[in-house]
Each structure stands twice: as structure tokens, then as C-alpha cells.
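Undergrad: Chains A and B supply the protein sequences, listed in that same order. Be aware that the first sequence starts at 1, since it is given in the numbering used here, and climbs by one per residue. Be aware that the second sequence starts at 1, since it is given in the numbering used here, and climbs by one per residue.
Keep in mind the hints are simulated off the structure, nothing from the lab. It cannot be assumed that every hint is accurate.
[What the hints assert, rightly or not] One side only, chain B facing chain A, incomplete, derived with CB under 7 Å:
#1 Pro36
#2 Gly38
#3 Ala56
#4 Gly58
#5 Val61
#6 Lys184
#7 Asn189
#8 Asp193
#9 Lys202
#10 Ala203
#11 Asp206
#12 Thr219
#13 Asp238
#14 Lys241
#15 Phe242
By construction, the Cβ of each residue, glycine as well, lies at the ideal position given by its N, Cα and C atoms.
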Amino acid sequence: MDITVNILLTIATAATPLLIAAIGELVVERSGVLNLGVEGMMIMGAVGGFGAGYLTGSPWIGLLAAIAMGAVFSLLFAVMTLSLATNQVATGLSLTLLGLGLSGMIGTSFVGQPGVRLPNLDIPGLSSIPVVGKLLFGQDPIFYISIALTAAVMWFLFKTRTGLTLRSIGDSHASAHALGIKVIRYRYLSVIFGGACAGLAGGHLSLVYTPQWVENMSAGRGWIALALVVFASWRPWRVLAGAYIFGAVWIGQLHAQAFGIPVPSQMLSSLPYLATVVVLVLISRNKRLTMMNTPASLGQPFVPDR
Amino acid sequence: MKKLLIALMTTTAALSLAASAEAADKLKACWVYTGPIGDFGYSYQHDQGRLEVEKALGDKVETAYLENVSEGPDADRAFERLAREGCKIIFGTSFGFMDAEVKVAKKFPKVMFEHATGYKTGDNLGIYNARFYEGRYVLGQIAAKESKSGVAGYIVSFPIPEVVMGINSFMLGAQSINPNFKAKIVWVNSWFDPGKEADAAKALFDQGADIIVQHTDSTAALQVAEERKLHGFGQSSDMIKFAPNAQLTSLTDEWGPYYISRVQAAIDGTWKPDNVWLGIKDGAVKLAPYTNMPDDVKALAEATEKKIAGGWNPFTGPIAKQDGSAWLKDGEVADDGTLLGMNFYIKGVDDKLPQ
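Based on the provided sequences and hints, a complete structural model is requested.
TA: Quick look at the structure:
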């Protein structure tokens, strides 16, 4: 029993940063903007979170700094692509490159220093329920945030008027603009939200997952988050499912190896990516479904004609 | 994508390098690293060696380095650039730089080249390596003494001879104390991904291991051990700060003394291409202070360390291969060639070697 709980806890820790970054990117893409800079924003969040936590000694300040760092960094992308209408793919890629380099520079003095860890939040009473208690009520604060965030984004996008407006912008920015909706303003806010989420995901890495700072510590998780959004066909609950499937496959294969089950580990670690490809193929076979879910003006620059 | 990034970083590093390429009377010594110097692991330790050279030789030497150089065509350019910019001696610190160094060394016969962990030499190309397996034997003994469950978790990167040699040596050490000692082996297919290493450590602890060993570079696994109040060994650097109650010792790389002697030889004009495989006795492989263990285990570890420094090789027979067939006869010592190409497990290893 204990081992099952532990496995599930490990899966949750592995899935949380993917989930948060992907949920942020989902909102960005629903507004019609493709930000490939998730990896860069995530690593900036990680270094910001570690740095602030290390210097002040408070992981909570670190958490806020991680969010702020991601948001500020995404602002750079927003100004470039939204106000100056640069190519979103190129700008996003350079944001990732810049983030990886810049974070290494900022973090030089943090290398080899133990950081601070966000304490687990045990909800009194509930966390002592056997099995379920520890899983649902005895985790790190960012786990709760990730679940709440998913629910909130789901509600916001599909149950509120603002959410509807946001989705309409993603489908056709020209029509939305003609209706008098402030396309650029919506997109700015979406991009900054996405940046804050990626920053928070980075903060999870350097404050919970592995409380330390090392260069390139995000190790490609930003790219997995991007893939997850497509995998989930821009649906929040599917992002949640996808993140946990990614996590489960990964942790499962580690346990399989430790049990001595002869599985080729290289094969298993590529499974999540194979799954993405398969899902993409299946989705694109069904035209109607694709049309329904893909934000139609995704990645296209928009210059309002006054 | 990653290539682009590396190209970008190489360029920025080269720019900063060009700015400092003045003083001509100093000997210029240069390093090429495959990772970032901020990895607190393999590349970090090489860079510590470079800093020691600066400290020891002062104004007789000027140093420069390129980090994040990928093992491939990029490496050619990195070495060539350094040679053109006046580096007199160049150290390539990763196995994958081998062919690039061989090629560039031929083009610049007056420049001295050194390559770590490879096997190709030339008129102006020497090689050096460290016998990390010597330290791993000591780790094995400590693990077998300290483990209550008799099971260690072993996190590994890729099935190359260096890693296989380490597993075998660790197991030999452990079996010398407890013949039934087991190691659960998990391949994470990465040298460096703190998250994955932490996950692997958790999985191994969940399955009954109570000591963690790693052949990957980050401190993540030790931090998990610290959290679970269990034990483990550090890698490349002394990681005691990350796990003050969990680290038993750390297998550290000390390149400084070697680099100082080679750069000094280059200054004196006595440098010749060499082929060295340094171990505990040369101070290139060091075990960080023994902590969190009783005195008798500490004494045992120190005695073994001394024995190895005295010239005893952990790969001394009788040793059987995993399938039970004989490998080394009683008293027979494995030759370096076999060790450097090791692609089989010894008896008692509970894993199938990925091919």
C-alpha cells in the first residue's frame, strides 16, 4: 500500500510543473498566440525562484519571485510579437535561447549552494486519512495551485463571457477587432499569464522538485509542456490527464527497471512523445474535431487597422 | 535547436576570449568543456582544475575556456578557434571530442593538445583519464557495511564502459563485505536531469534500497536521500552541503594537480604527449571526508583507500562474469584495455546490460 502511495506522490511531483506550464500556454494559444518560449520562461522562473529564496531564506518569496520572473520575461515576447508584430515562432525560439543563457549568467553564484524547499502543506485532520489523505491533502503548495489553476482556467474559458471573448480572438482576431474587442490587450494579458505560469513551473523545479540551481535544469520540460497543449487539443482537463499520463509512464518505467523487469528503458522514455505523435495523427484525421478545437488564428501576427 | 543554442554560446564565449587575448609573454592554456561550468559536476570540476592552474602558476599563465561545446562538428571549430587565437596548450575534456582533437592537432603541430578519457594519441596529442572505479570499490564496501536492507539503488546514465566498470567495481567492493549484496540499477538515459535523477532515487528507495549511488551528475538524488533520512554518495563534487546528514562520502574528480604539472611542463618546454590513467594514488580520484558512519566503517574505508593507493587493483581475480563463466583467475589482474572497453557485468549484478 505504502509503495503505491509513494509512486502516486512521485508521479504528482513529476506532473505538476508540466501541468502548470501547459495550462498557461493553453490560455496563450487559445488567444491565438503561439509562444515557443516556455522553456526559457520556465528556466528564468527557476533561477529567479531559487535566487530569491536563497537570498531571503524564504521559499514563499522565492515562489512569488519565480512567478514575477516568468511574467516579466514573457512581457518581452509580448512587446515584440504584439506591439511590433514580429514572427511569433522566431521570437518564441529566441526567448528560449535567451532564457537559457541569461539564467546561467544570473545563476553563476548560486551553483553549488543548497536552496530552500517549500514545505508541504498538510491539511490538519484530512491528511491523516489513510492513502487518500497523503495524496490529496499532504502535498506541496504548488500541487494544490496546479489543480486549482486547471479548474479555474476551465471555468474561465468555457463558463465566462471574458473567456468566450478570449477564445473568439483566438479563432478570428479580425472579426473580434471589428466587434470592438481590444485584441492586443487581451493577448498581452494572456501572454503574461502564460509567462507567470511557466515561471511558477520553474519555481516548482528549483523550490520543490529538486531544491537547487544548476544550469539547464528545466531539461526540456518546457517543450514537453508545449507538446502537451497540442496533445490535449487545447482542452484544460485533457492537459491535466496528459501531464499525469506523461508522469505515470516515466515513473512507471523507473519502477519497472528497479523491479528488474527487462524493459528497454530508451523505448519507454520515448513513449510519451510517441503518444503525442499518435494523438496528433488521430486528431488531424478528423477534420471537424480539428476545426472545433484549434484556435484558427494561432500564430498569425495581428496589426489592428485602427 | 540545441545546436543553435550551442553555436550562440560558443560565439559569446569566443568573444569574451578574444577580449582577453593580449599579453603575449604568458603561456596561454585553454580548455573545452562539453557542459556548462555551472553544472556542479563533471565540467565544473574540470574548471576548478583550470582555476587551480591560474592560482598556482600566477602571471606565467593565461587561461581561457569554451563551455557547452557539443560533441561533433562544433567541436572542430572550437578547437581550431582556440588554436588560432594563440592557445599553446589545449585540454579537451570530453570523450566525444576525440576525433575533433585528432584532426585539429594535425593542423597545428606547434600547439600541445590533451584529451581526457579517449584513446587516440598523436605527435602533439596526449591523453589522460582517471580511475574512478578505484573509488567506487570503496563506495561498495561502505554501502555493504551501512545498508540495513542489503540493497543499494544505483542510478546510471548510459551503458558505456566507464559506467559498466563503475557498477562492477562497486559490486566487487560490496561483495567483499556481504556476498549477497544486491544493487537495483536504473538507467535514466541522461547525464544531467535533476528531476529525473530525483524520480529515480524515489523509485529505488520505494522499492527497498536504503543507499543510493549515482553515475549521473546532479545533487538531486542525495537531496532525496536527505529528505527520507537515508544515505547516499556524491558524485564529481563534494555535495555535503546538499545532504549534510545523508552523504557518506563523495567520489570527486581532482584535475588540478595534473593540469598544473602539464601546463608547467609546457612553460618549461618539457611537454611530451603522454598517456596517463590517474587514480587515487595520484590524487586525481578523491573521496570526500567520510561522514555519517561509525568509526569502524570509516577505518575500513580508509584502509581500502590506502591499499588501492599502494597499487592494488580492485579488478583482481578470481572474478566470474555475470553468467558464471570465469573471467579472471585467482590473482590475475585485469589489464587496462579490457577495463576501458568493458561491456559485461560481473557475477551478482542483477540487471541486463542495455545494448
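Undergrad: If a hint holds in the structure, say so; if it does not, say that too.
TA: Against the structure, the hints:
1. Checking B/Pro36 against chain A: minimum C-beta separation of about 4 Å stays under 7 Å; hint holds.
2. Checking B/Gly38 against chain A by beta carbon gives a least distance of about 4 Å; that is within 7 Å, so the hint holds.
3. Violation of the interface hint for B/Ala56 is found here, the shortest Cβ-Cβ separation to chain A being roughly 22 Å, above the 7 Å cut-off.
4. Restraint check, B/Gly58 versus chain A: the minimum CB separation of about 24 Å is more than 7 Å; hint violated.
5. Taking 7 Å as the C-beta contact cut-off toward chain A, the hint placing B/Val61 at the interface is violated, the least distance being around 23 Å.
6. With 7 Å as the threshold, the beta carbon of B/Lys184 comes within range of chain A, its nearest partner Cβ sitting at about 5 Å, so the hint holds.
7. Nearest Cβ of chain A to the Cβ of B/Asn189: about 6 Å, under the 7 Å cut. The hint holds.
8. A distance limit of 7 Å between C-beta atoms decides the matter here; for B/Asp193 the minimum to chain A is near 4 Å, and the interface restraint holds.
9. Of the supplied interface hints, the one on B/Lys202 holds, with its beta-carbon coming within about 5 Å of a beta-carbon of chain A, less than 7 Å.
10. At about 4 Å, the closest approach between the beta carbon of B/Ala203 and any beta carbon in chain A falls short of 7 Å, and the interface hint on this residue holds.
11. Given hint, B/Asp206 at the interface with chain A, holds; its Cβ is 5 Å from that chain's nearest Cβ, closer than 7 Å.
12. With its C-beta approaching chain A no nearer than about 6 Å, B/Thr219 sits inside the 7 Å limit, and its interface hint holds.
13. A hinted interface residue such as B/Asp238 counts as satisfied when its beta carbon comes closer than 7 Å to some beta carbon of chain A; here the least separation is about 9 Å, so the hint is violated.
14. A cut of 7 Å between beta carbons decides the hint on B/Lys241: the least distance to chain A is about 5 Å, and the hint holds.
15. A distance limit of 7 Å between C-beta atoms decides the matter here; for B/Phe242 the minimum to chain A is near 5 Å, and the interface restraint holds.
Of the numbered hints listed earlier, those contradicted by the structure are 3, 4, 5, 13.
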